[in-house]
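Chemist: Here's the letter readout for the chains.
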Amino acid sequence: MFKESVVMKIHYSTALGSVALVAIHIMFRLTQNFHDSLQFDNVLINYSILSYSILLESILILISIHGFNGLRIILLELNQGKIYENIVTYGCLASMIVLITYGSRTILMTSMGMI
Amino acid sequence: MNKFQKNRSGIKSWLNPWGYGIERIAYWLMRITGIGLLIYFIIHIYETSSILDGKAAWNKMLELTQTTEGHIILMIVIGMSTFHAINGIRIMLGHGGIGVGKPGRPDYPYLPKSQNMKNKLCIYAAIGLAALAMLYGAEIMFSE
Amino acid sequence: MAAVKSNEDNKSNFRNKTLPTVLFKIARFNPVTDLRMKFIDYKVEYENWSTVLDALLMIKHKIDPSLALRYSCRQASCGSCGMMINGKPRLACFTKINEVKSDVIRIEPMNNFPIIRDLAVDLTKMFRNHKKLKPYIIRSDSEIPDFSTSKEFLQDPDSIEQYIQFANCIKCGLCNSVCPTMATDSSFIGPQALTQAYRYVSDNRDKGKKTRLKIIDDKHGIWRCHFAGSCSKVCPKGVDPAMAIQFLRGYLLGFR
Numbered sequence: 001m002f003k004e005s006v007v008m009k010i011h012y013s014t015a016l017g018s019v020a021l022v023a024i025h026i027m028f029r030l031t032q033n034f035h036d037s038l039q040f041d042n043v044l045i046n047y048s049i050l051s052y053s054i055l056l057e058s059i060l061i062l063i064s065i066h067g068f069n070g071l072r073i074i075l076l077e078l079n080q081g082k083i084y085e086n087i088v089t090y091g092c093l094a095s096m097i098v099l100i101t102y103g104s105r106t107i108l109m110t111s112m113g114m115i
Numbered sequence: 001m002n003k004f005q006k007n008r009s010g011i012k013s014w015l016n017p018w019g020y021g022i023e024r025i026a027y028w029l030m031r032i033t034g035i036g037l038l039i040y041f042i043i044h045i046y047e048t049s050s051i052l053d054g055k056a057a058w059n060k061m062l063e064l065t066q067t068t069e070g071h072i073i074l075m076i077v078i079g080m081s082t083f084h085a086i087n088g089i090r091i092m093l094g095h096g097g098i099g100v101g102k103p104g105r106p107d108y109p110y111l112p113k114s115q116n117m118k119n120k121l122c123i124y125a126a127i128g129l130a131a132l133a134m135l136y137g138a139e140i141m142f143s144e
Numbered sequence: 001m002a003a004v005k006s007n008e009d010n011k012s013n014f015r016n017k018t019l020p021t022v023l024f025k026i027a028r029f030n031p032v033t034d035l036r037m038k039f040i041d042y043k044v045e046y047e048n049w050s051t052v053l054d055a056l057l058m059i060k061h062k063i064d065p066s067l068a069l070r071y072s073c074r075q076a077s078c079g080s081c082g083m084m085i086n087g088k089p090r091l092a093c094f095t096k097i098n099e100v101k102s103d104v105i106r107i108e109p110m111n112n113f114p115i116i117r118d119l120a121v122d123l124t125k126m127f128r129n130h131k132k133l134k135p136y137i138i139r140s141d142s143e144i145p146d147f148s149t150s151k152e153f154l155q156d157p158d159s160i161e162q163y164i165q166f167a168n169c170i171k172c173g174l175c176n177s178v179c180p181t182m183a184t185d186s187s188f189i190g191p192q193a194l195t196q197a198y199r200y201v202s203d204n205r206d207k208g209k210k211t212r213l214k215i216i217d218d219k220h221g222i223w224r225c226h227f228a229g230s231c232s233k234v235c236p237k238g239v240d241p242a243m244a245i246q247f248l249r250g251y252l253l254g255f256r
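Residue numbers (this note's numbering), protein chains in the order written: chain A, 1 to 115; chain B, 1 to 144; chain C, 1 to 256.
Keep in mind that the hints were calculated from the coordinates and are not lab data. Don't take each hint at face value.
Said to hold, decoys possible - Some chain C residues close to chain A (C-beta under 10 Å, calculated; not the full set): (1) 180; (2) 181; (3) 184; (4) 185; (5) 186; (6) 187; (7) 217; (8) 218; (9) 219; (10) 221; (11) 249; (12) 253; (13) 254.
Ideal placement from N, C-alpha and C gives every residue a C-beta, glycine not left out.
The task is simple: from the sequences and hints, build the whole structure.
Modeler: Written out as structure tokens, the structure reads:
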């Protein structure tokens with residue numbers, strides 16, 4: 001599909017992107033008292049800010065790509081064989097897509113006020 | 001060929017990082033924290049999706065997670081992510097050939113230049129900062 | 001005036017000296033007859049200067065001739081006598097018994113290589129991977145096609161310094177034996193071959209960089225190295241494979 005060097009460049013760039021964006025995400029928890037920041041109404045207000053929703057969506061995509069590619073690497077090193085490797089590669093890709101879809105549903109519906 | 005003849009050290013070589021310096025321990029921690037963070041991330045996506053079911057469901061989820069055990073798990077996650085991020089940046093630079101020394105004629109006792117003090121300090125810093133981040137997180141979570 | 005000791009006195013003192021002993025626990029396995037590995041104990045005397053190889057050869061010559069091991073030069077030049085000594089891959093000829101600092105020395109065949117018998121392992125795959133990465137100067141022209149027109153490929157001392165360290169590799173396999181990826185990934189090229197790929201890529205006479213980078217840019221190629229650095233720790237010649245691999249990867253990442 002892709003050359004391994006392309007996959008690994010994606011792996012490294014998603015890592016750097018995640019570090020930067022997760023730092024902002026955590027800082028949002030500290031803009032007020034930690035416990036208060038998790039209260040339903042405050043979380044809804046966070047989601048209603050478009051830029052914050054975009055931030056969450058970006059984190060979701062970046063970490064999913066990075067995490068499932070990391071898992072793919074570990075599993076490829078754990079065992080070998082054409083069928084096994086295809087299952088691992090496509091399995092990780094499918095899991096990544098499922099997780100992104102599931103997370104995006106939460107972000108989209110909440111930010112659009114569909115609760 | 002049976003497993004004795006194949007003679008592979010297998011997964012125990014991943015799980016036992018001792019005897020080859022702090023770099024091998026960093027490799028081991030990187031794997032463990034990576035797997036741990038992926039598991040946490042999946043759970044986090046699932047737990048936050050409870051917001052779609054309304055305030056009652058969200059508060060029920062908060063009751064489950066905002067406990068002493070929940071805070072300890074979150075502390076571990078903070079430590080794992082700090083270590084994984086800092087050590088990850090060190091590895092990324094190393095993978096590009098940055099900070100791994102310069103080639104030259106080796107002298108006995110052949111101390112490898114790629115395992116230099118800069119790399120070792122980075123690993124110790126990653127472990128130290130992870131511990132500090134955990135303490136900071138604990139202070140915020142438990143002081144309320 | 002102090003009396004000068006005669007040669008005979010020296011000889012007799014030497015004979016009467018009590019030598020320290022060490023217990024060798026040696027792994028024995030014959031794939032044709034055995035189902036599992038077993039350890040056999042041998043107690044041997046040793047001198048200050050005795051190496052593990054000296055002791056193993058003593059065992060083979062005087063106690064148990066059936067012990068199988070591979071060795072040749074006895075001076076860390078041929079790379080034949082790699083084995084696990086108290087759990088770490090080392091050259092038997094380059095490890096003094098004194099250095100091990102233990103009364104019990106456990107000897108096993110090198111990890112991650114199939115066993116031929118006892119301590120002798122099959123290095124075929126390592127050499128196959130080594131060959132796969134074209135360990136020679138690749139050029140379209142030749143140094144000696146025709147003596148009247150050709151000339152030597154020149155190289156200045158600074159250029160030699162770029163690769164001479166990696167050219168010290170004796171292909172003993174210790175790096176492959178300790179690599180955590182090699183422990184589970186049977187398709188991984190391995191630190192030995194990757195280091196040799198960089199040795200030629202960094203040679204200013206070579207034009208085969210693209211060819212080699214294409215071979216290593218594979219899902220079981222260079223990307224499966226995670227810079228754990230154990231290969232460099234155990235290398236008996238100071239080759240530092242971890243450094244070479246990161247430099248080589250630097251080309252693929254566009255850092256070099």
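Chemist: The structure should be examined with respect to each hint, and the outcome stated for every one.
Modeler: Okay, the hints, checked on the actual structure:
Because the beta carbon of residue 180 (chain C) sits about 9 Å from the nearest beta carbon in chain A, less than 10 Å, this interface hint is met. Taking 10 Å as the C-beta cut-off, the interface hint given for residue 181 (chain C) holds, the closest approach to chain A being about 6 Å. With 10 Å as the threshold, the beta carbon of residue 184 (chain C) comes within range of chain A, its nearest partner Cβ sitting at about 5 Å, so the hint holds. Given the 10 Å rule on beta carbons, the hint for residue 185 (chain C) holds: about 5 Å separates it from the nearest Cβ of chain A.
Checking residue 186 (chain C) against chain A by beta carbon gives a least distance of about 6 Å; that is within 10 Å, so the hint holds. Taking 10 Å as the C-beta cut-off, the interface hint given for residue 187 (chain C) holds, the closest approach to chain A being about 5 Å. Against a cut-off of 10 Å between C-beta atoms, the interface hint on residue 217 (chain C) holds, since the closest Cβ of chain A lies about 5 Å away. Hint on residue 218 (chain C) holds. Least Cβ distance to chain A is approximately 6 Å, under the 10 Å limit.
Proximity of residue 219 (chain C) to chain A holds as hinted, the smallest CB-CB distance being about 5 Å (cut-off 10 Å). A cut of 10 Å between beta carbons decides the hint on residue 221 (chain C): the least distance to chain A is about 6 Å, and the hint holds. For residue 249 (chain C), the suggested interface contact is upheld, since its CB lies about 9 Å from the closest CB of chain A, less than 10 Å. The criterion of a C-beta within 10 Å of any C-beta in chain A is met by residue 253 (chain C), whose closest approach is roughly 7 Å, and the hint holds.
The restraint placing residue 254 (chain C) at the interface with chain A holds, with a minimum CB-CB distance near 9 Å, inside the 10 Å limit.
In the structure shown, no violation is registered for any of the earlier numbered hints.
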